[in-house]
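S.K.: Each chain, letter by letter, is given below.
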Amino acid sequence: MSLSRDEVERIAHLARIRIDEADIPGYVRNLSDILDFVAQMNAVDAANVSPMAHPLDESQRLRDDVVTETDQREAFQAVAPQVEAGLYLVPKFVE
Amino acid sequence: MHQRSLADLAAALRRREFSSEELTRACLGRIARFNPRLNAFVTVTEERALGAARAADQRIKAGEARALEGVPIAHKDIFCTKGIRTSCGSRMLDNFIAPYDATVVEKLEQAGAIMVGKTNMDEFAMGSSNETSHYGPVCNPWDISMVPGGSSGGSAAAVAARLVPGATGTDTGGSIRQPAALCGISGLKPTYGAVSRYGMIAFASSLDQAGPFAVSAEDLAVMLQAMSGFDPRDSTSLDRPVPDYRAALDDAIAGLRIGLPKEYLGEGLDAGVAKAVEEAIKVFERLGAKPVEISLPNSRLAVPTYYVVAPAECSSNLARYDGVRFGYRCAEPRDLRDLYERSRGEGFGAEVKRRILIGTYVLSSGYYDAYYLKAQRLRRLISADFARAFGQVDVILGPTSPSVAFKLGAKQDPLTMYLCDIYTIAVNLAGLPGMSIPCGFAGGLPVGLQLIGNYFTEPRLLNAAHRYQRETDWHRRVPPGFE
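In order, the protein sequences belong to chains G and X.
Residue numbers for the first sequence follow the numbering used here, so the first one is 222 and each next one is one higher.
Residue numbers for the second sequence follow the numbering used here, so the first one is 377 and each next one is one higher.
It is worth saying that the hints were derived from the structure and are not from the lab.
Possibly wrong hints are sitting among the right ones.
Distance windows between CB atoms, simulated [as the list claims (entries may be wrong)]:
id: 1; chain 1: X; residue 1: Ala431; chain 2: G; residue 2: Thr289; range: 24 to 32 angstroms
id: 2; chain 1: G; residue 1: Glu290; chain 2: X; residue 2: Ala695; range: 46 to 54 angstroms
id: 3; chain 1: G; residue 1: Glu279; chain 2: X; residue 2: Phe394; range: 44 to 52 angstroms
Backbone N, C-alpha and C define an ideal beta-carbon position, used for all residues, glycine too.
Take these sequences, add in the hints, and give me the full structure.
M.R.: Shown next as structure tokens:
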């Protein structure tokens with residue numbers, strides 16, 4: 222399974238990760254190698270096996286729909302790169 | 377003091393042979409002396425530790441000592457610690473001061489343990505050599521030109537060098553067991569769901585599990601007792617009573633059926649490691665255990681399956697690092713997309729980016745069934761192998777790692793590195809408990825013996841390991857220069 226340069230660039234865009242031009246060939250090679258390796262999965266026909274999402278086949282536990290969190294906005298925003306008046310600041314994206 | 381075990385230190389503190397402040401100062405002194413050589417700690421919390429030690433001494437004096445009162449420990453830097461930087465070994469979180477404590481941190485503190493610092497690790501726990509850390513690699517105390525294993529390399533090296541008697545780690549594909557093996561100490565990955573994941577920075581949520589490092593199985597039992605238990609804040613935490621992990625430690629193991637998987641003891645295993653493991657099996661036989669050859673026929677699928685499941689979950693978990701709410705933000709973003717892409721491109725290291733990209737690919741439209749769904753089907757086959765085996769045997773024994781520690785920089789190719797975990801990964805896919813204990817040396821470097829148990833059989837694993845450690849002294853060996 223060989224990925225093309227275009228495919229790697231598309232995946233990087235989907236993942237919102239900027240890759241330097243010079244590093245792309247390295248990623249093309251490494252990711253293709255990993256997918257080749259992973260292709261060993263194809264040797265087994267498991268169409269009749271049910272997928273396993275949780276090691277103990279537990280289902281997601283539900284809790285009562287009540288408020289359990291207190292307001293910690295200040296504490297959480299203290300670690301944010303840029304905030305103002307309780308809001309997270311990002312570059313303008315709506316004209 | 378530093379040569380004594382964690383259980384022994386806890387008892388000595390209670391008898392007031394020495395104070396927690398003295399012991400904590402001794403640990404801090406050793407960290408100051410040896411850490412420049414090992415790079416095992418990324419943060420040392422000296423003042424806070426000394427304050428906590430003095431408070432512990434008060435409790436001991438008042439006769440109110442808890443299980444780990446006054447015992448210094450270290451936390452892998454993946455556990456959130458309120459008010460203290462929690463970096464996860466990444467540039468992305470280099471500036472992240474956690475606003476809350478992980479449950480594991482809280483529980484160990486409630487048991488009286490003293491945190492002396494945060495340990496180095498592979499970035500976001502992705503690695504088997506501790507070389508992907510933003511803070512540089514950790515060195516193996518047995519030979520500082522060698523890797524300590526990973527991802528919990530800092531915790532393993534810190535315990536091996538006797539800087540602390542115990543430390544926490546996490547294990548997604550072998551990240552507790554493999555470094556324990558390479559550093560010659562004991563480490564345990566509990567049953568999935570036994571220890572809370574709350575406040576433990578997520579890598580692959582269906583595989584991640586926290587556990588302890590210490591010198592001996594007995595010490596692991598003491599730490600695990602404090603760490604485990606139901607936590608409503610972790611949706612996958614198991615709501616079951618916590619067993620007494622020490623109760624069965626000394627039970628005889630005569631008649632214990634030990635499974636020896638032929639897939640773990642054949643091709644690909646280093647001869648020196650094989651020899652040490654065979655010797656260990658003989659010790660178990662002398663103790664009356666019955667070896668049974670077993671087969672885990674789908675073993676060879678474990679690593680490929682893992683490298684779909686883990687990256688897929690990683691790509692989803694690490695989507696949260698966007699340069700907006702916390703963590704690294706690139707300088708002067710042109711627009712929102714540039715902010716996301718450059719913050720992530722610059723904040724993550726190469727291995728983390730590789731795994732996010734693989735995960736993004738296997739989850740992308742048109743590929744999901746062929747990769748992720750297929751991997752989940754194989755995961756059930758791998759898990760079923762163990763279920764079958766545990767119909768025949770009580771404990772599975774084998775090597776933890778195919779080789780002893782290797783040279784820093786020796787494995788540049790990602791796939792070569794991934795194969796370090798061929799014997800540990802299946803255990804995470806199945807969600808079983810597993811541990812590694814020292815069982816000898818090959819070429820002067822420690823060899824780890826892996827014990828795998830059925831769900832919730834940690835007491836039995838600890839019992840078998842403890843009985844072995846009563847017969848051997850591999851776990852008491854201290855790396856030269858660190859005595």
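S.K.: Out of the numbered hints, which ones does the structure contradict?
M.R.: Hint 2 is the one this structure does not satisfy, whereas the remaining hints hold.
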